[in-house]
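Student: Protein chains in written order, with the numbering used here: chain A, 754 to 1173; chain B, 754 to 1173.
Do not take every clue at face value.
No copy is singled out in the list; a pair is fine if it fits within one copy or between any two copies.
[Claimed, not checked] 27 Å max Cα-Cα, derived DSS-like pairs, lysine-lysine:
| no. | residue 1 | residue 2 |
| --- | --- | --- |
| 1 | Lys-1061 | Lys-1048 |
| 2 | Lys-971 | Lys-1167 |
| 3 | Lys-779 | Lys-971 |
| 4 | Lys-892 | Lys-1128 |
| 5 | Lys-826 | Lys-779 |
| 6 | Lys-902 | Lys-869 |
| 7 | Lys-814 | Lys-1061 |
| 8 | Lys-1128 | Lys-1167 |
| 9 | Lys-971 | Lys-1061 |
| 10 | Lys-836 | Lys-757 |
These aren't lab readings, by the way, just hints derived from the structure by calculation.
Each chain is listed here by its residues.
2 protein chains.
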Amino acid sequence: MALKSFIDVHPDSHFPIQNLPYGVFKPHHRGEARPGVAIGDFVLDLSAIANAGLFDGPILKNSDCFLQPSLNKFVGMGRPAWKEARATIQRLLSSDEPTLRDNDSLREKALFPMNKVEMLLPTVIGDYTDFFCSMHHAKNCGTIFLGPKNPIPLNWFHLPIAYHGRASSIVISGTDIIRPRGQGHPIGNSPPYFGPSQKLDFELEMAVVVGPGNQLGKPVDVNEAADHIFGLVLMNDWSARDIQAWEYVPLGPFLGKSFGTTISPWIVTLDALEPFACDAPKQEPHPLPYLAEKKSKNYDISLEVWIKPAGQEHSSIVTKSNFKHLYWTVTQQLAHHTINGCNLRPGDILGTGTISGPAPESLGCLLELTWNGQKALSLNGLTRKFLEDGDEVILTGYCKGNGYNVGFGTCSGKIVPTSL
Amino acid sequence: MALKSFIDVHPDSHFPIQNLPYGVFKPHHRGEARPGVAIGDFVLDLSAIANAGLFDGPILKNSDCFLQPSLNKFVGMGRPAWKEARATIQRLLSSDEPTLRDNDSLREKALFPMNKVEMLLPTVIGDYTDFFCSMHHAKNCGTIFLGPKNPIPLNWFHLPIAYHGRASSIVISGTDIIRPRGQGHPIGNSPPYFGPSQKLDFELEMAVVVGPGNQLGKPVDVNEAADHIFGLVLMNDWSARDIQAWEYVPLGPFLGKSFGTTISPWIVTLDALEPFACDAPKQEPHPLPYLAEKKSKNYDISLEVWIKPAGQEHSSIVTKSNFKHLYWTVTQQLAHHTINGCNLRPGDILGTGTISGPAPESLGCLLELTWNGQKALSLNGLTRKFLEDGDEVILTGYCKGNGYNVGFGTCSGKIVPTSL
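Okay, chain A solo, but in the shape it has when bound (with noise of 0.2 Å):
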């Protein structure tokens, strides 16, 4: 029989007690910051279950790991603490177990409704990355601005390709964003524009958040990346199209991308994804040693996003997506990441880069969906070739199990005009 919570979840949750994912909140109107796991519609309070000497494991008995105001030292734990504190938790939570369950005041402490509080970035960011691991994403930009013909670069084939973004204006779920101003093409012999962009764009990503790191000048190898991740979040690469378009050459996005990058407030943990991995593409050509694994996964989670334009109360679905169209696994990624020796430090935000599948309703960002605006996406009677002032983007993603979801709740945003 499956495993239960005594609190009651819904059917369609995306946090049952299969799930557990961890993040820093902050109770309305009182109290710090303090990690968290999410729990139907309530959010466990890791710092209450520590006070109260519930995490009586080996690793975590004596830690002040979940008495901080971010997860940065309880990821940078490593996997023996992490399946220790999830087994405590599951047994904490589930329907058999009295000591919360049957201790009210207890309950009153560690449990929070979960529209009582305000979510903040789990980890503090040392570093972000961003990846460019989609095929169909790479095969479609590349289509649409150097043409049909050899589209993908040699190099992307060989190594997941990625740049380094901006990690001071990653913003938490529900932060809006706010319209860049920035250069744009010259148009003949004018001066470049200069102004609000206006090829506003949203890109469906996920990111790893890293666990351990590891010693600069010593490469993770591809085979041991796995125990670097602590999870998986949903990340929306806000992209301003025109902006990146003009200042790209020759050293990449910068100003196109560092307006503003959200991701979800529940970092979703691999050890709750493992039922649903899967096997990775095969990659052709083989790739070096260095990139080889013995197994190589990805998982079956499903994305979606969808856009509640400005004035309307309804949202409209305009993509369904799927996280193991990637190409390159997130172990490579990371074994890539450290093999000139650059060191991760626990908290760092690995994106995937914008995931994209095989079909046209599966496309991971309006350049693709519009073809760089070429054509209007329809939403339930208006039209959008970017986004509008007021135009709310809504990623989510779930793994579909039996009678549950293990889900990441939702990464949103909503555009607000240029402020002067």
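Fit chain B to the known structure of chain A by using the hints.
Tutor: Just chain B now, with coordinates in the frame of chain A:
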């Protein structure tokens, strides 16, 4: 008559009382990281001065900014705090002020010989950005890779191009640099090269240390940008040209750079550099209004690169350049960085990009000096196309005053073999 310290300062020293650069140090064999100021061959311990109650101005009197293991808090306080600190320190160190000069016990506590301390990174670096602001460097790179026709991309003259670098692998001068491994261009139908980089290079740069940051969504006006700049350091943006050339299309430099970036430990403030301000180059086309400064300023800072080849006792000078060759000013760089709303934080690092001058002996990297390995550089009887294991690269920079220097000390690093 020139200001003079009671501490003997050799006329060739980089650190007379006119300079007073800030760093973070740890005395050998004891104690915690703390802020200090360089004076001649000594380091003045600012935590000792603060603990003695000698920061008695209105802003610093009750601040713990010098009781921190980094300078982030102090640099974030802004110019009024910086001016007050400089006035206090300059007074305490001057030859006619008895407070410190005549107090043996305080001098004992507060002054450390420079060779008895370890220098650390001066700030916790939230994000690191690298610009591309020398026209000579841009032109030479373009000519090498694209040919002599239109070597500089059109956008270059309209905006200071930049990319985000890796903050985690920024190290302090004196740290060994481990030769990175990685992929290089395949030859014919072979798989890509994989192994230790065969084209390891230095890049002569300087970098801004950001003072007060800006809120997400609130650009900094170019005419107020200097108030967000605490000072400058030397920077060596080590580059693996073979890794970079293969990986950088289409998203820019990544592993070719992220294995290590060295900065000098002493931050020379804009106040100390002010006597050496000079006009920036005329910009044609005229920049867009958000980049147009009332007064466009550079600094006359002589820059040198020396290489001490593996196994040799002496180093040879390979480059003489100058900060004033930069086309885009540091204030324009900072204003551009924020025009899309991107937030900077105190302690962030903004590199200028390689600072090459117009003359053949003023080129800021081996890529240019050896024209991508086509000709060898002569080093006192030896030759180099790129860096070999055991080679040490030493950057230095200074402004020549009347009878004194305002200098940056050195920024050095030695290449050590790939670790396996």
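Student: Indicate, hint by hint, whether the structure satisfies it.
Tutor: Evaluated hints:
no.: 1; hint: Lys-1061 / Lys-1048; result: neither (40 Å within a copy, 46 Å between copies)
no.: 2; hint: Lys-971 / Lys-1167; result: between (41 Å within a copy, 17 Å between copies)
no.: 3; hint: Lys-779 / Lys-971; result: between (37 Å within a copy, 26 Å between copies)
no.: 4; hint: Lys-892 / Lys-1128; result: within (18 Å within a copy, 39 Å between copies)
no.: 5; hint: Lys-826 / Lys-779; result: both (18 Å within a copy, 25 Å between copies)
no.: 6; hint: Lys-902 / Lys-869; result: neither (54 Å within a copy, 63 Å between copies)
no.: 7; hint: Lys-814 / Lys-1061; result: neither (46 Å within a copy, 52 Å between copies)
no.: 8; hint: Lys-1128 / Lys-1167; result: within (23 Å within a copy, 55 Å between copies)
no.: 9; hint: Lys-971 / Lys-1061; result: between (46 Å within a copy, 26 Å between copies)
no.: 10; hint: Lys-836 / Lys-757; result: within (19 Å within a copy, 63 Å between copies)
The earlier numbered hints that this structure contradicts are 1, 6, 7.
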